[in-house]
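Participant: Sequence:
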Amino acid sequence: MVSFAGHALPLHYPTGILAEHRHTRNAAGLFDVSHMGQGRLDSPRESSGPAAFQAVATAFERLVPGDIAALQPGQIRYTVLTNQAGGILDDLMVMHGGDHLFIIVNAATCVADFAHMRTVLSDEIRLTELTDRALLALQGPQAVGVMERLVPDTPFRASGALPFMNAMSLSVAGLACQVSRSGYTGEDGFELSVATDQAVTLAERLLAGVCAFMGLISTLPPLPFRRVWPGSSAGAAGLRPISPAPRSFLLS
Numbered sequence: 001m002v003s004f005a006g007h008a009l010p011l012h013y014p015t016g017i018l019a020e021h022r023h024t025r026n027a028a029g030l031f032d033v034s035h036m037g038q039g040r041l042d043s044p045r046e047s048s049g050p051a052a053f054q055a056v057a058t059a060f061e062r063l064v065p066g067d068i069a070a071l072q073p074g075q076i077r078y079t080v081l082t083n084q085a086g087g088i089l090d091d092l093m094v095m096h097g098g099d100h101l102f103i104i105v106n107a108a109t110c111v112a113d114f115a116h117m118r119t120v121l122s123d124e125i126r127l128t129e130l131t132d133r134a135l136l137a138l139q140g141p142q143a144v145g146v147m148e149r150l151v152p153d154t155p156f157r158a159s160g161a162l163p164f165m166n167a168m169s170l171s172v173a174g175l176a177c178q179v180s181r182s183g184y185t186g187e188d189g190f191e192l193s194v195a196t197d198q199a200v201t202l203a204e205r206l207l208a209g210v211c212a213f214m215g216l217i218s219t220l221p222p223l224p225f226r227r228v229w230p231g232s233s234a235g236a237a238g239l240r241p242i243s244p245a246p247r248s249f250l251l252s
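Note that the working numbering numbers the sequence shown so that position 46 is 46, with each residue one more than the last.
Hints are computed from structural coordinates only; laboratory data are not their basis. Hints should not be assumed to be uniformly reliable.
[Stated by the list, open to error] Ranges between beta-carbon positions, derived for each pair:
1. Leu-207 - Thr-58: 40 to 46 Å
2. Ile-17 - Leu-127: 33 to 39 Å
3. Glu-204 - Asp-132: 17 to 23 Å
4. Leu-18 - Thr-131: 30 to 36 Å
5. Pro-73 - Ala-5: 29 to 35 Å
6. Pro-14 - Ala-107: 21 to 27 Å
7. Thr-131 - Ala-85: 26 to 32 Å
As the structure is a computational prediction, the values presented were derived from the model and not from experiment. Backbone N, C-alpha and C fix where the C-beta goes; we use that ideal spot for every residue, glycine too.
Starting from the given sequences, assemble the full structure and let the hints guide the process.
Facilitator: This is the structure:
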């Protein structure tokens, strides 16, 4: 166990890193990534519907180069948080939540990221830190089978049921979750946001099969895919998936 960003994290379990790597590649691994920051952004002026989402998305585009306003309900965009000069501060996931945005930021920069968002967005957009939620990542070729066992009425293997980089609210083994088809291992997988007091129960139900708990010294992600120093811009770094949309997003 090590201390990281105020959390106690397991580097690996008794089976060892190599066994964990192979199990995730061949079956399914479960990672507790609850140390990452989860947040909700909504508009205090628009209560619900498309107008509320557009108000939040338009404001948030002042902070990121990604095209957030074009997201469809449930769709997720991987992008970067920037400073006033367009320099990269962090990477994050942004999801269209219907009338709000749901975001996930890195643990080490969580406090600074949320503070920067509040400074730029001021009273225009309300940011709620979801400290009462845990986050579990289920990754591997058999992850879809685990999910279909726990959510039998959702055919995850079917085209369009829950495409990659999309999310939906689901009852997983009787527990209310925000489930996204996403991850960082290169395998098929899901990330499940759940109430903290239900996280242990959810983990136990996910583990009742081919799934096994994994430590967080992961050999799975293809990192660093491109070395980016603080202040680099997405365009200059050649990050095509998150390069600036054809618009001006920097503050004057």
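Participant: Run every hint past the structure and note whether it holds.
Facilitator: So, going through the hints one by one against the coordinates:
1. Leu-207 - Thr-58: 40 to 46 Å: Roughly 42 Å apart at Cβ, these two residues keep to the hinted range, so it holds.
2. Ile-17 - Leu-127: 33 to 39 Å: For Ile-17 and Leu-127 the Cβ distance comes to about 36 Å; the hint holds.
3. Glu-204 - Asp-132: 17 to 23 Å: 20 Å, holds
4. Leu-18 - Thr-131: 30 to 36 Å: With Cβ atoms ~35 Å apart, the hint holds.
5. Pro-73 - Ala-5: 29 to 35 Å: Because 31 Å falls inside the window, the suggested range holds.
6. Pro-14 - Ala-107: 21 to 27 Å: 24 Å, holds
7. Thr-131 - Ala-85: 26 to 32 Å: Check passed, 30 Å falls within 26 to 32 Å.
Going through the hint list in order, the structure satisfies each hint without exception.
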